[in-house]
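Residue numbers (the numbering used here), protein chains in the order written: chain P, 7 to 558; chain L, -12 to 207.
To be clear, the hints were calculated from the coordinates, so they are not data collected in a lab.
Beta carbons: idealized from backbone N, C-alpha and C, even for Gly.
Heads up, some of the hints might be wrong.
Stated by the list, open to error - Which bits of chain L does chain P cover? Going by a derived footprint, with three or more residues having C-beta under 8 Å, they are:
(1) 16 to 30
(2) 63 to 72
(3) 116 to 122
(4) 140 to 147
What the hints assert, rightly or not - Residues from chain L that keep clear of chain P, each with C-beta distances beyond 10 Å, as calculated:
(5) Gly(-9)
(6) Val(-8)
(7) Leu38
(8) Ala44
(9) Asp80
(10) Asp81
(11) Asp83
(12) Leu93
(13) His100
(14) Lys165
(15) Leu169
(16) Ala197
Residue-level listing of the chains:
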Amino acid sequence: MSKEARPSWDSPMQFVLACVSYAVGLGNVWRFPYLCQMHGGGGFLIPYLLMLFLEGIPLFCMELAIGQKMRLGSIGAWTAISPYLGGLGIASVVTSMYLCLYYNVINAWSFWYLFHSFQSVLPWAECPVNANRTGYLEECEVASPTQYFFYRETLNISSSIDENGGLHMGQALCLLLAWIIVYLFIVRGVKSTGMVVYFTATFPYVVLFIYLIRGVTLHGAWNGVKYMFTPKLEQLANPQTWINAATQIFFSLGLGFGSLIAFSSYNHHNNDFEKQAVVISLINSGTSVFASVVTFSIYGFKATFNYESCLERMRLLCLNAFDLSEESISAENVTAWISHLNITHPERFAAIASKIEHCSLEAELDTAVEGTGLAFIVYSEAIKNMPLSQLWSVLYFIMLLLLGMGSMLGNVTAIITPLADIKLLTRFLSSESINGLVCLLCLLLGFGFTSRSGSYWFTIFNEYAATLSLLFIVFIEVISVCYIYGLRRFERDIEDMLGHRPNWYWKVMWAVVSPLLLFSLFIFYIINYIQGGTPTYQAWDKDLVRSGSGAI
Amino acid sequence: MLAGVLLLIFLPPLVAKDLCKDSQDGFKVRLSIKTGLGDDAYEWNESEMFLFRSTLAYAMRKHSNQDTYTIDNILVCNDTQRVSFVFVVTSTDDPDQLIPKEQVELAVRQNKHRINNAFLLSDMTLEFMGIPPTLSAPIIYDTEPWLIVFGVVIGAVAVGIVALLMSTVSKKRRAKEKAAGLSEEDEGIVKENGTALSSLGRKEGVYNQAFSNDDRFTKL
Chain P
7 MSKEARPSWD SPMQFVLACV SYAVGLGNVW RFPYLCQMHG GGGFLIPYLL
57 MLFLEGIPLF CMELAIGQKM RLGSIGAWTA ISPYLGGLGI ASVVTSMYLC
107 LYYNVINAWS FWYLFHSFQS VLPWAECPVN ANRTGYLEEC EVASPTQYFF
157 YRETLNISSS IDENGGLHMG QALCLLLAWI IVYLFIVRGV KSTGMVVYFT
207 ATFPYVVLFI YLIRGVTLHG AWNGVKYMFT PKLEQLANPQ TWINAATQIF
257 FSLGLGFGSL IAFSSYNHHN NDFEKQAVVI SLINSGTSVF ASVVTFSIYG
307 FKATFNYESC LERMRLLCLN AFDLSEESIS AENVTAWISH LNITHPERFA
357 AIASKIEHCS LEAELDTAVE GTGLAFIVYS EAIKNMPLSQ LWSVLYFIML
407 LLLGMGSMLG NVTAIITPLA DIKLLTRFLS SESINGLVCL LCLLLGFGFT
457 SRSGSYWFTI FNEYAATLSL LFIVFIEVIS VCYIYGLRRF ERDIEDMLGH
507 RPNWYWKVMW AVVSPLLLFS LFIFYIINYI QGGTPTYQAW DKDLVRSGSG
557 AI
Chain L
-12 MLAGVLLLIF LPPLVAKDLC KDSQDGFKVR LSIKTGLGDD AYEWNESEMF
38 LFRSTLAYAM RKHSNQDTYT IDNILVCNDT QRVSFVFVVT STDDPDQLIP
88 KEQVELAVRQ NKHRINNAFL LSDMTLEFMG IPPTLSAPII YDTEPWLIVF
138 GVVIGAVAVG IVALLMSTVS KKRRAKEKAA GLSEEDEGIV KENGTALSSL
188 GRKEGVYNQA FSNDDRFTKL
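Let the hints inform the model, and build the full structure from the sequences given.
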């Protein structure tokens, strides 16, 4: 009787690229710059790097070690550590399942935007005209063209989570495409995934680099970069800063999903995972900082553009109200003129007083956005103002797609690897069929996110599906390895694989520091939930035409 | 006598000014030449005003299909530094009668494109207060461009998947045929030393679990 040897990566480089592709995802682009801005710019790097060394690298290394040692997916690996811990593996698989369901919707949105970039005028650059062609649609006038395109044309969003609406056919098609591509990437397991990660791991850096050059040469970009890097060290006194740094490191590395265990289970027994763990974690954090430089130059450009448009609007307002010649007021002396006119002609000024806005570059830069709002609204607003906007749009959304797809690969691998280990299944179905069934199931369930209220469901899943569970899972993981399996046994296994024992840094982190950190984060989250009351969400009401809050 | 002649000479412009200033049928026009053209901006002077009045007369001609409108039918007043002024249109039959506001509005809306182009301006920079601009109609595609790109991508991916699956199926079929083929050959081969060495040719060796490296179970 022959036993098929476990498939493996063609080279350690493939494994490293797969982990990089998985860890470097959308969170590096849309969450880290926001945190940087909220918590004192350059100063945020201090807690961030500290947490990287206290919990990020040790936990990452631990998961790689487990996978490489046990050579099974998460369920099999934890069952091998202790038969009572199989549930930990199942928890990882279920969390990965949740993530797969809603994460691919982001890829669907990226596809939608990508396909819509192939037009002479980007559809989010201008508002559509109204029925009798006298002006623009009201919903679009009150909001902005980019917001209108995202909420109305991309999502066709309903006004609350209770109103289901139908499916958005365009979104459903894009989601179908996204899942077909994921299937194409994982159909042969690590053989196909290994080929793909060469591209998904490296091309985003090419695009980020191109965007860096484009970004810093934009007018006003320097305002944004300067704003980001001026450290406001008083933020370090705020405990929220440290908590956010810890959670960002934790979620950014993708711990607890079982993907790392799955990836490293295909490694050669003597692969040097320790060095790779350090390298991958540093690459992940470095990418976050790199992406935030790009994001802040884009912010600076957008803020400067808005500020100058505001000044221009005020200038025209004054010129028109007082019938002054066009050369009399320029963008520089608008504010001086406004105060002058207020003093000299108070009655006429009072007529336009309601329309006067206070233009401030600081205020524009202060508007910090994260998440899908940053990726799809702020960035596309900046892109539409760049020359050759179609090219930049295509590049940007391809980058988003690659980042998202790379992370999806890891999450789907986390599901199919334990399934492939189940002998009962592999006897009746080939691995291609199992992979296909998983993708089909996720696609069918994922259609719910393409309905008109789908974005609200997305928000629920994004905020609650994985966060608390992952903290708990990884906490139990590290406790099991250190105290149930035994730190000494783990040390011997590592010596067996690498040829040397882990040094004191690893042991202290695994046994003491990381569990303490994770436990305190977990307690903090629980307290937050209890104190938070009924969770609320932001809804887009077409009639009120601005975002209001609704309760779940 | 002289006074009467003088009055007769100066009356029409005075009356004309009154027609323009006090009327309800006038429109305020505003030009933002510097904003619209930047360095290529031209000076606003009497000749430009003449051009404006003639384009308006042209618009009235086109709208009413009467070739009788001339530049004298367009009266202008309240000229400011901003380059904004009020104009009214007098009827061709009776110089004291004004064309109603709605007619003028229709005429302007119909020909706004031509008026804009005469001044190298746009709807934003040449404004008629109270007349909403006619924006260009949205382009209607037979097939939306995004569907075309989508079709291309999903077609390519589908081809890729089918190709991969076909290659897997054909590989399995070839392996099965080889196994079937070899098992027929086996019966013809003389077994030397009692071991079927020829069976080793089937795969890359047989996996011997005694030398397994997998420490899946904890050491005793």
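Cross-check of the supplied hints:
With 5 residues having a Cβ less than 8 Å from any Cβ of chain P, the segment 16 to 30 of chain L passes the three-residue criterion, so the hint holds. Check on the segment 63 to 72 of chain L: 5 of its residues sit with their Cβ under 8 Å from a Cβ of chain P, so the three-residue criterion for coverage holds. Look at the segment 116 to 122 of chain L against chain P: 4 of its residues bring a Cβ nearer than 8 Å to a Cβ of that chain, three or more, so the hint holds. Given as covered by chain P, the segment 140 to 147 of chain L passes the check, having 5 residues with a CB less than 8 Å from a CB of that chain where 3 are the minimum.
Taking the minimum C-beta to C-beta distance to chain P, about 38 Å, the non-interface status of L/Gly(-9) holds against the 10 Å cut. Listed as outside the interface, L/Val(-8) is consistent with that label: its C-beta sits roughly 37 Å from the nearest C-beta of chain P, beyond the 10 Å cut-off. L/Leu38, annotated as away from the interface, keeps every beta carbon of chain P farther than 10 Å; the closest lies near 19 Å. Distance check for L/Ala44 against chain P: the nearest CB is about 25 Å away, which clears 10 Å, and the non-interface claim stands.
Every C-beta of chain P lies more than 10 Å from that of L/Asp80, the closest at about 32 Å, which supports listing it as non-interface. Distance check for L/Asp81 against chain P: the nearest CB is about 32 Å away, which clears 10 Å, and the non-interface claim stands. At roughly 29 Å from the closest C-beta of chain P, the C-beta of L/Asp83 stays outside 10 Å, upholding its exclusion from the interface. The Cβ of L/Leu93 sits about 13 Å from the closest Cβ of chain P, beyond the 10 Å cut-off, so the non-interface label holds.
The non-interface label for L/His100 is consistent with chain P: the shortest C-beta to C-beta separation is roughly 13 Å, beyond 10 Å. Every C-beta of chain P lies more than 10 Å from that of L/Lys165, the closest at about 14 Å, which supports listing it as non-interface. Against the 10 Å criterion, L/Leu169 stays outside the reach of chain P, whose nearest CB is about 14 Å from its own CB. The Cβ of L/Ala197 sits about 13 Å from the closest Cβ of chain P, beyond the 10 Å cut-off, so the non-interface label holds.
In this structure, none of the earlier numbered hints is contradicted; all agree with it.
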